[in-house]
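Number of protein chains: 2
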Amino acid sequence: MQQDLDQYFTDHREQHLAQYTDFLRIPSVSTKSEHKADIIRAANFVAEEMSTLGFEHVELVETPGHPVVYGDWLHAPGKPTVLVYAHYDVQPAEPFELWKSPPFEADIRDGLIYARGSSDDKSHVFMHLKTCEALFATRNTLPLNIKFCFEGEEEVGSHGLTNLLATDPERFDADLIVISDTSIIGPNQPAICYSLRGIAEFELTVHGANSDLHSGGYGGGVQNATHALVELLSTMHDQQGHISIDGFYEQVRPLSEQERTEMASLPFDEEEFKAFLGVNDLYGEEGYTYRERTSARPTLEVNGIYGGYQGEGGKTVIPNEAHAKISCRLVPDQEPEEILALVEKHIRAHTPKGVTIEIEKHHGARPYITPIDHPAVTIAQQAYEDAYGVPARFTRMGGSIPIVEVFSRTLKKPIVMVGFALPTCNAHAPNEHFSLDNFDKGLRTISSYWLLLSEQYTLSEG
Amino acid sequence: MQQDLDQYFTDHREQHLAQYTDFLRIPSVSTKSEHKADIIRAANFVAEEMSTLGFEHVELVETPGHPVVYGDWLHAPGKPTVLVYAHYDVQPAEPFELWKSPPFEADIRDGLIYARGSSDDKSHVFMHLKTCEALFATRNTLPLNIKFCFEGEEEVGSHGLTNLLATDPERFDADLIVISDTSIIGPNQPAICYSLRGIAEFELTVHGANSDLHSGGYGGGVQNATHALVELLSTMHDQQGHISIDGFYEQVRPLSEQERTEMASLPFDEEEFKAFLGVNDLYGEEGYTYRERTSARPTLEVNGIYGGYQGEGGKTVIPNEAHAKISCRLVPDQEPEEILALVEKHIRAHTPKGVTIEIEKHHGARPYITPIDHPAVTIAQQAYEDAYGVPARFTRMGGSIPIVEVFSRTLKKPIVMVGFALPTCNAHAPNEHFSLDNFDKGLRTISSYWLLLSEQYTLSEG
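These protein sequence lines are chains A and B, in that order. Residue numbers 4 to 465, in my numbering, belong to the letters of the first sequence in order. Residue numbers 4 to 465, in my numbering, belong to the letters of the second sequence in order.
Excised from the complex, chain A in its bound form (with noise of 0.2 Å):
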């Protein structure tokens, strides 16, 4: 680690966690219409830091949903161009009674910064900007030559920055993509993910009577849409945890003995984390350990489940709809929309009598998968070393980032995931928070990474 930027975000702690407390206080939801405003607040915070950089073509390019906002410095003539992604949006902050500090208010405690977005993503934003900084106030320039991406729609299906990459990929075109975006394995263990789970999403409902009935009068001869609702879901899982769909686990690869070894030599205490969680069994497919359901195994999960009467005390109806909006996580080489197409022929052949049903398709992602015998990924590892004292490990990653597999498949260029958040930052949960010493060990990473890149990576190796 260089002694200067060392010190350079030594000094600058106080004022960059001010900052990026100003960066965490803004709601952008992007699944929330009512948003819209604050997702514009998000973009131009990313815009004016970048500008204030000395960063160049600096835009909220706009896009059917929120902007991507883009910036370049390409004045390291010889060296690297890195595109670097990140996303300046987030998830809903509901339920916000579970919130031990409002989400949107950014409390420091126990050296955890606790936000929405602490972890994903803004924490990634805010760093590599951050990072900038550094390298400018000491260096007056940047060993290599970046072009930023930050996104406002990660969170909704990066629908706006994939037509962007279909329609301008010259503008995004770089010698490496850095992903930040993923998880460590623990605070002291760095990682560098290699998988993503895609996803495929959609919301079922299930329609009985033209109006909700008196379980009085018509209860016992009704179909009750939350029973044919329970009754629809109950076929999708068997008792040993298997997804019941015909065909779901076709075209899943499997894990070959020696990532299976790998995966089972990393860090993992199942007492410890048993009780991080507060449960009394962890719980999954058999036959999987939990690395392997949780991250090379594909899912499906209801995410939300309603119908009939929820407020205080009891009402006594025959629901007549139910909803449930489900999720399925997938993993090479499964395809969304021929997942998406298998679970609606499942639930048009299962559904009950008396009731009819409607399926609304939300937004796919490819899973990812990628080689990690790269120079860039050997020389992230050497970053990560440089902060964190320990090389960093490979990891699959349970969660999905869509455009991952976009970019790869539209820039044909390496891509390497480098993020800092930790499996327990409660991402899409309540009391999301982000480790104040990951902050200062990813700053330290990234620069050095930078620094290490503009020295050991010849251009011919991209």
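Some hints here could point you the wrong way.
Note that identical chains are pooled: a pair holds if it fits in a single copy or bridges any two copies.
Stated by the list, open to error - Subject to a maximum C-alpha distance of 25 Å in a straight line, what follows is the list of computed SDA-like cross-link-like pairs (lysine to any residue):
| # | residue 1 | residue 2 |
| --- | --- | --- |
| 1 | K356 | D241 |
| 2 | K103 | L20 |
| 3 | K348 | S237 |
| 4 | K82 | E136 |
| 5 | K348 | T381 |
| 6 | K356 | F276 |
| 7 | K103 | G314 |
| 8 | K356 | T292 |
| 9 | K35 | E363 |
| 10 | K415 | R263 |
| 11 | K348 | Q242 |
| 12 | K35 | F99 |
| 13 | K35 | E100 |
| 14 | K103 | Q313 |
| 15 | K103 | T373 |
| 16 | K415 | D25 |
| 17 | K39 | L77 |
| 18 | K364 | G244 |
| 19 | K103 | Q243 |
| 20 | K416 | D336 |
| 21 | K348 | V409 |
| 22 | K356 | R294 |
| 23 | K356 | Y252 |
I should point out that these hints are in silico values taken from the structure, not numbers from a laboratory. Since we're looking at a predicted model, the values are computed, not measured.
Following the hints, position chain B against chain A.
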């Protein structure tokens, strides 16, 4: 039908509907604490009407919950005393967006008055008040003695009135109890209900991890509370619509062949009924007709289900909590406490791995059945025939009026159920309404009933 009474109702129809509208506009929802003041307004409305009529001992009798409005007129010596029961509280109106006119506005369209409570049960409270008004106006007296007992907790279990009956039965004692909270068969076919279902209600909560979890990072490895709830609920019915809880049917009194024949002879057009409900198929327990299923067989219905994300768009979480509000309709001789114990045993035996469950038991009510050959019933048949032109048939009602069984047990006096709602009135559902034709005929039926009882009912028959 007495000509003078008929004329009085015709002359005052507009005035009565205006007053009825005022009554319906009070959102006296007993299950929600925010409506406490509305409950009191509704109680005062009823009490003021009684006082205006010249009733004595008019009082909002305090209970730990909502007051019982009591009043009596006991100046017909030698004539029977009738205790008249109905309730001024109403069910919640949610979901509001499904109402074609606001639930607490009382809109009249095509001969129907639409409002929450318009059928269940303000119609009956109001008709009883106006019947007395007409009798006083035309005769300066009532033909018999009346005690009015209008409660505000029918929709939440009648606890207050149950306690009052236990501590002060004298106040409510009468020769005959008339309960007005039931339906007739169709617009031109009156009916007297001789059996009610009981009810056992509870809320089931499934707890998973200590917060919602990211479905990417954890998906496949941790039990999803909504999955566990679905799995649990799916064990409660079999494919033939029977309830699969050990012992659930043990105390059910089988239908006699005579009852089955009588029920089968009641008018029922299945195709018309399906069209009314907007369903392709009716659904229920194999081996029983629609009428049997909905009145003489017990049920277990999910009245509401919720868990996880229910907002706009999607949110890829593993919900850590899921809830079901459940009620069982019971038939003679099932006991609510026993049924809840059987259900709880079943749930605990079927709780999936990785979650814990919580059961909150709500109020219960015993089912009720009464002989149909009592003179007070025969006289009621005549009164209906006076107004409708055809005698009343006998029906079992699928709903529960918990207090009926309590009256019977506490006061040990005959009970006749005299009601005017229709099975199609959307009680407990959006767009509840009451037919103005039954409003007119109900006023005439009740007046006739009081006059006929005064002439024909001898006290020794009580």
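Evaluated hints:
| no. | hint | verdict |
| --- | --- | --- |
| 1 | K356 / D241 | both (22 Å within a copy, 14 Å between copies) |
| 2 | K103 / L20 | within (20 Å within a copy, 52 Å between copies) |
| 3 | K348 / S237 | both (15 Å within a copy, 21 Å between copies) |
| 4 | K82 / E136 | within (19 Å within a copy, 97 Å between copies) |
| 5 | K348 / T381 | neither (45 Å within a copy, 58 Å between copies) |
| 6 | K356 / F276 | between (43 Å within a copy, 16 Å between copies) |
| 7 | K103 / G314 | both (23 Å within a copy, 21 Å between copies) |
| 8 | K356 / T292 | between (39 Å within a copy, 16 Å between copies) |
| 9 | K35 / E363 | within (17 Å within a copy, 34 Å between copies) |
| 10 | K415 / R263 | neither (28 Å within a copy, 75 Å between copies) |
| 11 | K348 / Q242 | both (21 Å within a copy, 21 Å between copies) |
| 12 | K35 / F99 | both (15 Å within a copy, 22 Å between copies) |
| 13 | K35 / E100 | both (19 Å within a copy, 20 Å between copies) |
| 14 | K103 / Q313 | both (24 Å within a copy, 21 Å between copies) |
| 15 | K103 / T373 | neither (39 Å within a copy, 56 Å between copies) |
| 16 | K415 / D25 | neither (36 Å within a copy, 72 Å between copies) |
| 17 | K39 / L77 | neither (32 Å within a copy, 68 Å between copies) |
| 18 | K364 / G244 | within (24 Å within a copy, 31 Å between copies) |
| 19 | K103 / Q243 | neither (36 Å within a copy, 47 Å between copies) |
| 20 | K416 / D336 | within (20 Å within a copy, 74 Å between copies) |
| 21 | K348 / V409 | neither (28 Å within a copy, 52 Å between copies) |
| 22 | K356 / R294 | between (40 Å within a copy, 19 Å between copies) |
| 23 | K356 / Y252 | between (28 Å within a copy, 24 Å between copies) |
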